[in-house]
Amino acid sequence: MQTKIIISPPHSDGRQRSAIVRGISTHAPRLRRLILGLGLLTPSAFATTPDHQFEFDDSMLVGSAKTQKSLTRFNQANTVEPGAYQVDVFINDHFLARESVVFAAGEDGEVSACLAPDMLLTAGILSDAIKMSAGDAASCVNVDKQVEGASSQFDFARLRLDLRVPQALMKREVRGAVSVGQLSAGETVAFTSYDTNYYRTKASGYTTESTYLGLNSGVNLGLWQFRQQSSYTRYASDNSPDNSQWRSIRTFVQRPIPAIGSQLTLGDSFTSGSLFSSLGFRGVQLETDDRMVPESQRGYAPTIRGSLRPPPK
1 MQTKIIISPP HSDGRQRSAI VRGISTHAPR LRRLILGLGL LTPSAFATTP DHQFEFDDSM
61 LVGSAKTQKS LTRFNQANTV EPGAYQVDVF INDHFLARES VVFAAGEDGE VSACLAPDML
121 LTAGILSDAI KMSAGDAASC VNVDKQVEGA SSQFDFARLR LDLRVPQALM KREVRGAVSV
181 GQLSAGETVA FTSYDTNYYR TKASGYTTES TYLGLNSGVN LGLWQFRQQS SYTRYASDNS
241 PDNSQWRSIR TFVQRPIPAI GSQLTLGDSF TSGSLFSSLG FRGVQLETDD RMVPESQRGY
301 APTIRGSLRP PPK
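For the sequence shown, the UniProt record's numbering assigns the number 1 to the initial residue and increments by one for each residue that follows.
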């Protein structure tokens, strides 16, 4: 018996037509399964659209040709419209800041992040690594094009902008260090806090009164901080005159000096007491402030030096 096999070509849209088998005898089940298996192995059976690509039909929209052409950027996932977005900026997987970043379209129509040079310098990128030409805007840096070897990736769903910069283009800083430019002097403010109590006792026909008031006041003006501590006491009874006293406990002015990681104090102060008992004095004191030192340098640990052979991820 003669057997005739016809397998139709695939559709243009990628769907595989069912194989048409004619003339196969019902007594040849193995041959029939073999032919169907060969039909499933054709390339069109595996033709699928990648998950990160889409296609919009411009003919279904009413508008100018420019509007329809602008839809082509949405054929890929994670595409963003030009504009300003409040995003979390990460550099080499380390959180930098939450900033308002402008996304602008280039000449090729690709939308990319437009970052301020000051923010990149604060992040630790060397100034020589940022290529700025005369025609570039002073307030806009495209990391992918103007920093050699660097790249950026924006996750619109999480509003997260990741910057990848080679370590050779980054400043060498100890772990946990905060640049001076990121420090804030705080607000100009005046404050006072108090602690007071009053006692009145009466026994055997005699009345006794005692009053205490403690004040802790201060004024912050930029980096300068004025502090004053004082107290007021009063004691009175039926058989003794009133006895009141106002006493200034401590008055001083202090100012942090971030450049050397120290604190300057002028006026009444006390020694640290790390070696000997703490002593009060009036004068000038300059001491190291551990709050300005990175955590990696606060303890006693050896310094380990080395080199990394594989490139950083």
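Simulated from the structure, these hints should not be mistaken for lab results.
Any given hint could be a false lead.
Stated by the list, open to error - Computed list of lysine-lysine pairs in DSSO-like fashion (alpha-carbon distance at most 30 Å, straight line):
# : residue 1 : residue 2
1 : Lys145    : Lys131
2 : Lys131    : Lys171
3 : Lys145    : Lys171
To be verified - Pair ranges (Cβ atoms, derived):
# : residue 1 : residue 2 : range
4 : Leu223    : Pro294    : 13 to 23 Å
5 : Ser193    : Asp238    : 51 to 61 Å
6 : Phe270    : Gln297    : 19 to 29 Å
7 : Thr122    : Tyr300    : 26 to 36 Å
8 : Gln182    : Glu209    : 49 to 59 Å
9 : Ile304    : Lys131    : 33 to 43 Å
Keep in mind the model is a prediction, meaning the values are calculated, not measured.
Heads up, the beta-carbon is just placed ideally off N, CA and C, and yes, glycines get one too.
Checked hints:
no.	hint	result
1	Lys145 x Lys131	holds (9 Å)
2	Lys131 x Lys171	holds (17 Å)
3	Lys145 x Lys171	holds (20 Å)
4	Leu223 x Pro294: 13 to 23 Å	holds (20 Å)
5	Ser193 x Asp238: 51 to 61 Å	violated (34 Å)
6	Phe270 x Gln297: 19 to 29 Å	holds (25 Å)
7	Thr122 x Tyr300: 26 to 36 Å	holds (31 Å)
8	Gln182 x Glu209: 49 to 59 Å	holds (54 Å)
9	Ile304 x Lys131: 33 to 43 Å	holds (34 Å)
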